[in-house]
Structure formats: C-alpha cells, structure tokens
Amino acid sequence: MSLTRHDVENIAHLARLAIAQEQLPVYVDSLSKILSFVEQLNAADTAAVEPMAHPLATQVQRMRPDEVVDVDRHEKYQRNAPSVAAGLYLVPKVIE
Amino acid sequence: MTELHRLTLAELNEGLRARRFSSVELTRHFLARIERFNPGLNAFITVTGERALAAAQKADATLAAGEAQALTGLPLVHKDIFCTDGVLTTCASRMLSNFIAPYDATVVERLSQAGVVMLGKTNMDEFAMGSSNENSWYGPVRNPWDPKKVPGGSSGGSAAAVAARLAPAGTGTDTGGSIRQPAALTGITGFKPTYGRVSRYGMIAFASSLDQAGVLTRTVRDAAMLLAQMAGFDPRDSTSVDTPVPDYVGGLEQPLAGLKVGLLKEFFEKGLDEESGRLIREALRLYEKLGARLIEVSLPNLPLSVPTYYVVAPAECSSNLSRFDATRFGYRCENPQDLLDLYKRSRGEGFGDEVKRRIMTGTYVLSAGYYDAYYLRAQKVRRLITDDFARAFREVDVLMGPTSPTPAFDIGAKVDDPVTMYLNDIYTIGANLAGLPGVSLPCGQSGGLPVGLQIIGPHFAEAKLLNVAHWYQRETQWHEQVPRGYE
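Same order as they appear, the protein sequences are chains A and B. The numbers in this note's numbering rise by one with no breaks, and the one at position 82 of the first sequence is 82. The numbers in this note's numbering rise by one with no breaks, and the one at position 381 of the second sequence is 477.
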C-alpha cells in the first residue's frame, strides 16, 4: 500500500493534526511502510472468524445505577485549562 | 547506610520493621542517588523529594505506633503515565507538559494506602508509544549497562531507575511489551498481569483493550508484594474484573514437580540473537532439573501478532487521543485563528512524531472504505492468535521463550524505520492481544548486556507465574547483577 501526499494531507485533516509541508514526505514514506507491513494480515484465513474487541471473552460491560458518586471539582479541574472565564472554557469565536 | 540501595524491597521491608533504619533515612539515601546518577540516565521527569520526605516522616510515625500497612515506608517510583494528585503528570508529552493531575490513579491510590513513599515520576516513550524510550519530549533515557544503548520502552525510566538502584521498584504499563522488554534490556524483573487484573483508572489511555499496569522490580518476590496491593476490582474501570486476588507471596515456594512448560517454537526461529537463544535454552534446562516437563508447542498465527497490533493499537490510540483538544487541559498553540486551527496546531505541536504517526495510522484504518480491510481483519486475526494461546494452555501450564530478539541496541539505531522498531516487540505483543499475564526475568548476558527470559501464563494465573518465576531466582543469581558504577 502506497499513500500519496494528498492521502496523508487528508488523514492529517481527519485527525486534526497540522503537519508542516516539509514533514509530509516523511509521513508519506513511513505510513506507506506501516500499511505495507500490516498487509501480511491478508494471508490469514479469517472467513469464519468472529472479530475480537476485548481479550476476556466472558466479560461484559458492567452496568451501574445512575447516581452521583463524585463531588463537584470543576474549579480544581479548570486549573489545568489554557483559558477560562466565569467557570467556562474559552475557545476562539465559533459563531459570528 | 551506603548499602541500603543493594537491598530488595522485601529486605527493606524487614529492615524498616526491625527499625534497623528509618523510612526517612531510606528515602534520603535514594534521593541522594537520584541526584547523583539521574543526570547521566534521564530516568526521571519529576523528582518529588519534599513530598517523599514528608511521606517518609509519616511512615516512620506509623511504624513507631505499630500501625504499619503492608508496604509502609518503602520508596517507589511511578511511571509518568499514572495520574498523581497535585503532581505534574506528563506522559512524556509536550501536550501534557503543564498538566497537574487533579486526582490519583487507582494504582497510585492503592499503593499510597499500603504505605509506599513516591520518590518521583519516571520518563517513558510519549503516551507509552515506543520500545526504546527515545520518543520522549524530555529526551531519551540511557541504559545503565551502557549509556550509548536504549533501556527499552515504553517504561524505560522505571526500568533504568530500578536497574541503577535509584529506586527499589517502579510501576509501569504494558500495551505491547512496555514492562517486559525494558526489564529484559536492563536486567531486572518485569511483571505484566492479566488484562483487567489491575485497574486502568487514572492511567492515561493508549490502547484500552491492551493497556495493563504492572511492576518493575529486582526480584519476583518484590513483584508479588506490590501486585498483592495493586490487583483487585475497581468499579471506576469498566473492564476491571471482579475476581478474588490469591495470596501471591504465600504461593511463591510451591514445588514445581510436574509443571508442564511449553516451548514456543515460533520464538526460537529466525531473528533471535544467538547468545540469547543459548541462554534461554539453558534456563529451560534448569526448569527441567526442577521437575518440569518441556513440551514444544506451536502457535501458527503468532507471527501475525505484530501486524495485528499495529492496526488495533493505533486505531484505539487515534480514538483515545482525540480527547486532547487544547480546550480543557494540555498544550495550546499561540494565537489560534479559529477552532479548527486551535485543534490542528495544538495537536500538531503538542504531539511528537511517533504519536502523530500512530494517530494517523489509526485514523486511516478506521476510515470509511478501509475499516473492513484493516481494522475488522486485524480483530479477526486477534481472535486466531488468542485461540492459539488457549489451545496451547490446554496442553501446558506456562509458555517460555525470550522476551526480546536482541539485547539493548544503540540509541538512534532504529529511529528512522518504524517497522524495524515495531519488530522489537515480536515476542511480547501476543500476550497483550490475548490479555495474558507475562513476566520477564534476567537470565544471563550477551555481549555484556542483560538478556530476559519470558514466561507467559493463562488468564488470571498470576500466582502460578510468580511461583514458577520465583524458582528461577532461587536457583540463579542473574537478578543480583548490577551495572558497573551503580553497585
């Protein structure tokens, strides 16, 4: 599998990653190598195989009662935010 | 007091309880060693000296009052992937280089409750993505056996710290070998429990169906002591398993007579360093002498574990790392023009090359038109590999083989080719895909560098695995080897 520069630009956009123009060829090359490498998987006969998402077959997602179990710590959490005002997280203007 | 760093965790525990030394003396001793040796190793991102001394003072008071918990007063380091309330928690990323965790991970909380004293947070590959510790925003960690060599990764800081006797033990995480491989490359013991055995709460997520917390220690006994406190159900982790924790330390001395050891045929094929292979076979002969029966087993789909992993892990990573949006926490770029620019530049500047590579790989394999060809197929092969292991464990009690194809390699040797780097994990990834527990033990030296013996067990067979591994350390002295200059 060989990716083009345009493919990588598109993937970077979907992943919300700014990649410098001069770095693009490096990613074109390494991502193409990785995808070629994983193509070995085509050799396996998977016709009758159920996909496996979780290593413990008998485990199921637990349910819990919908109850408040934690205290309000938004002030503490917001100390890590790059920009806040009046308890709100600030981002560049979205709506004119 | 110059000899305190030579003692194991179990020996230190005994000394503390017999009041031969205090936790403050012990903590000061290790902090002094960190100050002296860390500049050459770069094993720490944060050293929490003041906090450690305060905790040690408290521990001494607790010991004096006769109210000690299982690990009261014992120093330890945490991989910087675990959230520690009020302490910088970076995951070795510029993205989190300003992040003060607002709560403790369950692993940290349980070990604190058991009385440990945290000395600091250790360096690692950024977001645990790497096998050499070269992918850190804080620079590479150096191997105490040879500063030109990598210590392995991603838990390379914890491994280097324990190998150089800057701490008696460290926590780590293992998504594709990140505890076992650095343990092998630095000549220490590394234990990865069954998926779901130790809580992932507060452990910064990389690939959630593979991530598991464990320990890096000098001995198997020390690993058993720590795991006894870390393991167990946690309602805050949705995949934590609610099953009793057996007495890990109490089971160590069980005789091995009749043990059935599977030799993984695929692990001894091409690519394995010759001297490493010889040492592993020697270790197997020792088990035979201890009463074990060796049975060759084949896991035909195991060679596909690396390509399977490099679809599944990046896919989960691209999803997990979407939370880093420069809005609620983490690095934010200068002067964002609009919201899209804020996301793209903050993430582009905040993540390192390997993390970006994996996010993009994951984005691609999950994207429309490619999902079935890559992700779904990898999940199917994951089942084939898991079934291979299950079949093997119907015949044998444990599987043995090498941990890593070669001893530690040169810093910089593999950074240009991601695929060559990924193949380092060829022997460790299978256990992660199948969710199995595994341990790496030092079993000799190749070219003056440590070699690791890997033992893999069935789900929740931690007690058995510790028991089998402990016998090796009863009969050999490899775990007592110290890199020159750190004695």
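The set of hints was computed from the structure by calculation and includes no laboratory data. Be careful, since some hints might not be right.
Have a look at the derived ranges for each label pair, beta carbon to beta carbon [to be verified]: (1) A:Asp70 x B:Asp512: 43 to 51 Å; (2) A:Asn42 x B:Gly508: 44 to 52 Å; (3) A:Val68 x B:Glu110: 39 to 47 Å; (4) B:Arg132 x A:Ser32: 41 to 49 Å; (5) B:Asp512 x A:Pro51: 55 to 63 Å; (6) A:Glu50 x B:Glu392: 28 to 36 Å; (7) A:Glu9 x B:Leu184: 29 to 37 Å; (8) A:His6 x B:Ala469: 13 to 21 Å; (9) B:Gly581 x A:Pro25: 37 to 45 Å.
Backbone N, C-alpha and C define an ideal beta-carbon position, used for all residues, glycine too.
Handout entry: Hint check, failures only
Key = Numbers 2 and 5 - these are the hints that the structure violates, sorted from lowest upward.
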